[in-house]
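Novice: Chains as they are written, first to last, in the working numbering: chain H, 4 to 180; chain D, 10 to 672; chain P, 1214 to 1559; chain C, 79 to 178.
A couple of the hints might just be wrong.
Stated by the list, open to error - Below, simulated SDA-like cross-link-like pairs (lysine to any residue); rule was C-alpha separation at most 25 Å, straight line:
1. H/Lys88 / D/Asp638
2. H/Lys131 / P/Arg1558
3. P/Lys1289 / H/Asn80
No lab work stands behind these hints: they were computed from the structure. All figures in this text were calculated on a predicted structure; none of them were measured in a lab.
Take a look at the letters that make up each chain.
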Amino acid sequence: MLHLIVFSVFGLVCVAGAINLLVQRHPINSALSLVVVMGSLAVEYLLLGAEFVAAVQVIVYAGAIMVLFVFVIMLLNAGVEEHTKGSRVAMLFGIPGVLIGSVLVAWVLLQHSGTGSVAVGALPGPPKVIGWLLFHDFLLPFEVTSVLVLIAIMGAVVLASHPAEVQQSAQPDEREG
Amino acid sequence: MTPNLHLWLIPVLPLVGAAINGLFGRRFSRQTVVAIALGFSGTAFAVALWVATQASFLPVLENLAPWIRAGDFQVDFAFYLDQLSLVMLLIVTGVGFLIHIYSVGYMWEEAGFYRFFAYLNLFMFFMLTLVLGSNYLVMFIGWEGVGLASYLLIGFWFTKDSAASAGKKAFIVNRIGDFGFLIALFLMIKHFGSLNFVQVFRIVSGLPAEVAGAGLLTSIGLLLMVGAAGKSAQIPLYVWLPDAMEGPTPVSALIHAATMVTAGVYMVARSHAIFDRAPQALMVVAIIGTLTALFAATIGICQTDIKKVLAYSTISQLGYMFMACGVAAYSAGIFHLMTHAFFKGLLFLAAGSVIHAVGGEQDMRRMGGLRHHIPWTFWTMTAGTFAIAGFPPFAGFFSKDAILWRAYSSPYGSWVYWAIGVFTAFLTSFYMFRLWFLTFFGEYRGEVATSHEDEHSHAGAPASHGHGGIHESPKIMLVPLVILAVLSVCGGWVGIERFDKFLSPTFHAGATGYSAEELSASTPAPQPKEQGGSEALFTGISVVAAALGLFLAWLLYYRRPQLPQEIAKALGGFYEAVVHKYYVDEIYAAVFVKPLIDGSTRVLWQGIDRDVIDATLDNSAEGAREVSDAVRHMQSGNLRSYAGWIAAGAAVLIAYMIWMGTR
Amino acid sequence: MNLGEFILVSIIKIVIAVGILLTAVAYTVWLERKVVGHIQNRWGPTRVGPFGLLQPLADGVKFIFKEDLLPPHVFKPLFIAAPMIALVFALTSISVIPIGNWVTVFGVHTPLEITDVNIGLLIVLGVTSLGVYGVALAGWSSNNKYSLLGGLRASAQMVSYEISLGLSLVGVLILAGSFNLREIVDAQGGTFWGFIPRWNIFQGQIVAFFIYLMAAYAETNRVPFDLPEAETELVAGYHTEYSAMKFAMFFMAEYANMITVACLATLLFLGGWHGPHRFGPPFVQAILPIFWFVLKVFVFLFIYIWVRGTLPRFRYDQLMAFGWKFLLPLAIANLVITALIVALRA
Amino acid sequence: MVPLSYYLVLSGILFACGVAGFLIKRNIITIFMSIELMLNGVNLSFVAFAAQWHALSGQVFVFFVMVVAAAESAVGLAIVIAVYRTRGTLNVDQVDLLKL
């Protein structure tokens, strides 16, 4: 019972955050809603016993990725979203498509809700075991992702770095400051 | 132990020369080009001579590399040398080398000097490949290659419309023959599973002879004959050869008299095992040869262009060779091929020398009395003329006499062949002496040769010489003439019997299934059909025919030069027909070319190509454009639209999956 | 222990912990003013109470009663939320930090921390990594260029140094084989050859300790890495527009973070509550571990203040270059070497 | 005991919200956040399935998803910065040309 209550509370927080993300017109509000979603998801992970995943969720998603988002929003000083009518297709086909798809999936899932249920901490994911899995069964994907991250770092640096002439004109200013 | 003869060297050497001259010749001086061209072809000749000294080891099979391996079917790059190919090898390299030398003098002033020698070397390469190939496919490479070289050389003066057209004509007519040849090859692959001479002949000799009816071997034989007729200018595919005289005279001598056109004869002789088993095909060969000989000779009588006369004479002589092959007297055919290469090469070169002397004029009616001006040419040409006319002891006498005798005495022969052959010999003698008298005797009928360049520049021969008057050719042209003249005189002394014996391993090898009668068909042994004594009588008749020709020519063109016009008037329409080569070109144009062009234009081009194929493509392109016009609005560049499509598609997929899952 | 008892004990512990923490924060401020004052050859606070000991109390009263300014151009919700976020996360992280062994008080057996979890270290890291939102949002919502620059600097700096910080801890984790802070401390009990304690700092993690030290200074925006609030260029950085209690929250959050970092350093590198041989009566023996712990934290905090009093500030590009080009490679090298040694020993 | 399907429905709702955000929002950064939301929804179902089938590899996959998400957001945000620098806008409706 407690499990269901906790699940429902944080599930509702999750959904509320997600909907707030859609409703808010300022990106920074959306970003904070997303942080809330991630935080409550971490709690859901804890409920399922995945404590390590929950911690990493907070550290990586909330603590790093979303900080990056907030940082970019601040850097670009992104303002309130304009309401341009750019795409009829998205409204005519996309939104109904999403609605139909999600309703269908939910319907099917709830039809079979009796087939399986999980208890609190159903599958503890201690860091040691997960580390073992990562470095043995998933060693190759792990290494490949490391290469991916390296590429992403270089790509981000190259993409976001100023063009040469801007950099040259910017450097003296920095020194003066 | 068979020594390694390095046969591959012989064709490859000219190829290297052709490659060097063709790729870099533009920057070389003429001397360098000559050195390269003569060096490589001369070396090839030397290697061929050395190979000939090793003749005791024949036959030799040299397998260089595998080419096609498909299941059991296998074709290799392999060379095969036996007595037959050795004879051809020596003719090709020897005569070819002499004509190379001659060309240096003849072509010296031409613009595409390096190009000419590159082509000439290329021709040598392909001709040697043809001769040395150990299977039909390698032979076919050479076969096509010499066609290509011939095309390039006929159209050497490609800026001249007639030369370009003549080149195309030669190429296209040859395609018809090659078509037959190819089908013959396919039949062999299908039924014998091999193209290797040795294997094919072994299989063929195991088959029973097809005495009546058109079976497999007859079909193959006839198809091969079609190929041979194309390459060797036999009825009905001879029409390209006279036009091929548009090319430079050395080319006419080398390709269109001495070597390439004899490839058909070589091929038939090489395939003797097939023809021996297919008497029907053999008969067709003989009939075609005989008719061609007679037919071309009659046309030759009325030609006025010195090279055209020689061209028709070539066709006629090739007819003799086919006649010989057609009566299974292959060695006689090859013998005549050899002597013909000598004297016809000589005649062409001498004719070139004459043309050179009179500054590009080719019409005999404007020559005359040249014997004092160009004595060397006159005497060599005389040797050639007597040789082709068949006077003893010149080379042509021996070979032609052998053919005529075999045509009668062979088990496949008939007196009809012999009679036509003798009549043709008379005609040959007549038109050759007509040429001789018109050119060298009487008064000079041309204009005084100071400003001949304008009017003769059409002729293609070296018209740009900055010399005046009639003059003898340079020594570099005369040396080959003299050598060939000596060969024309002496070339036949070897005699048909010894030649027969030399070639007998080729023509009798593997013929285990032969009956004794057939075996002896190509030997001069006494025949049950006729006593040996009558051979002398036949020889006498043919010599008399030749002499008759000489007399008639003397009468008409030396003694009473106005007589030919009167005879022509008397003959009327027939004479016209002969002058116009029996209107064969016109008939071909009306029967084949025009319907083909009309059909292509109306049906294939305007009907199928434009209204069906083009229309299909145009309409589908138009349709695609219209559809794209409508659909491209989807690709607006708007990210959210794309996402909308994806979402809608995903919804459809989910719905489908659920529907499938709940069914 | 039933649910009610659990909740009761938890509440008591939370109240005690927060009380101790806030007091510690207040007196860390006092300590800093005193120490820096003496370093700068002056007295520091002396007027309020003996040795100025009541100065923090006076400051608190002042902050509470000051007018709470709300500038007109700020983004109000976040402007108000930002200091709360900062303080909440700063205080939260203390909840998993143990200050001693299990004790039995009034018949209740309980660890000397609010809760003992398996992944305590990760939670501390996660919560501190969330602290950056307070600073960043404060800078952005103030709608002021100095604040914005401060906020930007803070977020970039904290994200950058978090990597080095985390990597410097991995060596310790490899040695201990656990994320549980209590187990990590337990692994450091005992001595080498009877006199060198088996602290991680003496187990080859000395390099990691200094990396941690430097990264921690940057994480807490302290000198010499206090670029986000560099007075000379950014007025006061991200809290330029803040005053009264909101400013006090940032202030408290900063010092609470310092204490958290000091506790973590003590737990991970300095052997936690382990000290020399036990001596004295049972009561003293019970108290001694806490004493050792507090002493180590105090030493660490003293170093903090000492550094503040002596070192100048970095330039921003130097700060980033230092973090990415020096600390990070060093931390990785330390990690690799530690892993190699452990693997070879095993 | 909570039925597995509740978790899955929650994850589905999050995912659908992400898709809807992609469709509705005009700001590139917000759209990016919608992608992260979708990834989070997927992660939840991974963990839920892991608990259901007692297979820890489900949790390991979450790590890979996170790593990929981190890499993707780093590169993506760099692209956003580059786009903003050249176009001066973050509105996707105005960024519909490949070439300026």
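Novice: Could you run down the list of hints and mark each one as holding or not?
Specialist: Here's how the hints hold up against the structure:
no.: 1; hint: H/Lys88 / D/Asp638; in the structure: 23 Å, holds
no.: 2; hint: H/Lys131 / P/Arg1558; in the structure: 19 Å, holds
no.: 3; hint: P/Lys1289 / H/Asn80; in the structure: 16 Å, holds
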